[in-house]
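Peer 1: Based on the sequences and whatever the hints tell you, model everything.
Okay, here's what each chain looks like letter by letter:
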Amino acid sequence: MIEFRDVTKTYPDGTHAVRGFSLVIPARQITVLVGSSGSGKTTLMRMINRMVDPTSGTVEIDGQDISKIEPVQLRRGIGYVMQNSGLLPHRTVAENIATVPRLTGVPKAVARARALDLMDTVGLARELADRYPSQLSGGQQQRVGVARGLAVDPNILLMDEPFSAVDPIVRDELQQEVLRLQKQLAKTIVFVSHDIDEAFLLGDQVVVLEQGGHIVQQGTPEQILAEPANDFVATFIGADRGKRRLSVSPAASRGDDRVLVDAGGYPVGVIAAPGGRLSVASARVGNASPKSRSVSNKTDQAGDA
Amino acid sequence: MNWVWIGSNLGLIGGRILEHLALTAPPIVIGLVLSIPIGYAASRSKVARSILLSVGGILYTIPSIALLVLVPVVLGLAILNPLNLVFALSIYAVAIMVRSAADAFASVPKDVIASATAIGFSRWQRFFVVELPLAVPVLLAGIRVVSVSTVSIASVGALIGIDQLGSFFVDAFQRSFPTEAIVGIACILVLAAVYDVILSRTGRALTPWSRKQAVASPQMYTADKVAAL
Chain A
1 MIEFRDVTKT YPDGTHAVRG FSLVIPARQI TVLVGSSGSG KTTLMRMINR
51 MVDPTSGTVE IDGQDISKIE PVQLRRGIGY VMQNSGLLPH RTVAENIATV
101 PRLTGVPKAV ARARALDLMD TVGLARELAD RYPSQLSGGQ QQRVGVARGL
151 AVDPNILLMD EPFSAVDPIV RDELQQEVLR LQKQLAKTIV FVSHDIDEAF
201 LLGDQVVVLE QGGHIVQQGT PEQILAEPAN DFVATFIGAD RGKRRLSVSP
251 AASRGDDRVL VDAGGYPVGV IAAPGGRLSV ASARVGNASP KSRSVSNKTD
301 QAGDA
Chain B
1 MNWVWIGSNL GLIGGRILEH LALTAPPIVI GLVLSIPIGY AASRSKVARS
51 ILLSVGGILY TIPSIALLVL VPVVLGLAIL NPLNLVFALS IYAVAIMVRS
101 AADAFASVPK DVIASATAIG FSRWQRFFVV ELPLAVPVLL AGIRVVSVST
151 VSIASVGALI GIDQLGSFFV DAFQRSFPTE AIVGIACILV LAAVYDVILS
201 RTGRALTPWS RKQAVASPQM YTADKVAAL
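Chains as they are written, first to last, in the working numbering: chain A, 1 to 305; chain B, 1 to 229.
Derived from the structure by calculation, the hints contain no laboratory data.
The beta-carbon is built from N, C-alpha and C at its ideal position, and this holds for glycine as well.
Heads up, a few of these hints could be off.
[What the hints assert, rightly or not] Among the chain B residues that face chain A by a calculated CB cut under 7 Å, a handful are:
#1 Gly57
#2 Asp111
#3 Ser115
#4 Ala118
#5 Ile119
#6 Ser122
#7 Pro133
#8 Leu134
#9 Trp209
Peer 2: Below you can see the structure in the form of structure tokens.
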């Protein structure tokens with residue numbers, strides 16, 4: 001569990017990156033901090049591994065005040081995945097994944113064997129082990145970044161907009177990969193994003209931030225969708241322009257599937273309707289698990305246009 | 001062109017090549033080694049950069065004859081001591097190299113440094129494992145310029161009586177004997193070329209990653225990954 005207690009970060013010029021921020025991040029779940037630029041989301045994440053120290057307030061991990069922990073030691077115990085992967089360009093894939101274990105004195109052969117296992121875990125072919133990052137595609141580089149983040153088997157994984165620089169298809173694939181890995185590994189993941197769809201897809205808990213790290217709303221994606229706290233959230237999640245309000249299209253149906261459209265008339269997905277009928281009551285009971293989404297919203301980009 | 005003179009003086013020519021080598025190799029190494037911490041400091045802040053690069057620029061404008069006259073006085077060495085020349089050449093080497101070193105460290109991508117910090121590199125580890133290796137290509141470009149310039153400036157040492165290839169120019173002038181000057185120039189060119197080859201080979205050996213830029217083909221995904229799509 002990670003806890004922020006009344007954290008403020010003020011820069012020398014007097015601007016507040018974050019002011020009076022408190023939040024509990026539960027263990028073994030994905031918490032997504034989502035907001036536009038200037039919302040302080042990256043600053044908040046960087047406080048967890050002391051890349052940024054708060055001006056006032058404390059950050060605790062499992063009840064321990066991290067300002068008492070030496071930053072280098074702290075960071076070696078926390079996985080970190082960033083945008084553009086941040087891989088060392090002069091080290092091979094396997095060396096990159098093994099970086100932190102090597103820093104902590106794990107023998108080379110052991111670290112390499114573990115790196116190859118991790119490549120399997122994140123879905124990278126072992127043939128890529130001796131390539132340099134520049135020889136990989138963007139999506140492959142991000143997978144290496146994730147593998148590196150997992151290399152010391154940390155309890156906490158920080159992901160700083162890791163997929164914002166890859167194309168939408170690869171991003172979709174990597175997001176599914178994170179969900180798959182999380183099912184398998186159950187880490188405490190803190191994920192920073194500016195993309196509300198990504199936040200809703202990945203987050204067990206979603207924290208919507210405004211300028212200065214002000215929490216506008218926090219809750220499960222369902223709670224936020226059902227009751228946006230205010231106009232800001234409604235705008236942010238696209239509810240106000242009908243992007244989230246779906247209805248069954250009268251036309252274009254085939255077999256037992258019905259096409260769903262948003263308020264703008266854009267098709268957003270299909271829903272199973274056995275016998276041509278939507279069973280509303282059973283759909284509610286059956287979809288109790290928040291992660292089983294039968295409605296795909298891949299066409300959101302089109303809806304935004 | 002007096003070929004007979006060349007034939008009968010091969011020993012002298014070889015000796016002066018070795019002297020020239022012995023006088024220029026140390027300043028090149030010293031220039032590289034000293035410029036790394038100074039250049040690193042210069043790459044950390046704008047103020048440090050402008051101060052250190054200005055000092056470097058000023059040092060480089062000191063005329064070489066003046067420097068060769070001043071160095072023995074400052075160091076308290078005999079005027080004919082070859083260390084005077086090594087010292088003067090080292091000053092020029094550092095003066096040129098500091099700018100390259102500052103640029104070299106500034107060329108290391110910021111996100112790579114940030115991510116190295118984030119995953120738990122200490123300051124020293126980050127310097128030696130990340131920043132220094134990634135600065136090598138630009139450092140190398142700088143040191144190649146330094147080697148050529150050092151080999152060339154060293155010949156001025158002949159004017160204060162320190163023997164090396166430059167001594168051929170003084171002799172050629174005093175005896176109105178152009179063959180010696182041509183031999184001196186040819187040897188200096190060859191020596192500069194040798195340095196350049198050695199340095200660029202070393203640089204290539206140190207930067208194997210920079211030669212492999214091809215992007216992998218999509219089929220390098222594992223089969224189950226493709227199936228998952």
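Peer 1: Which numbered hints are broken by the structure, listed smallest first?
Peer 2: 1
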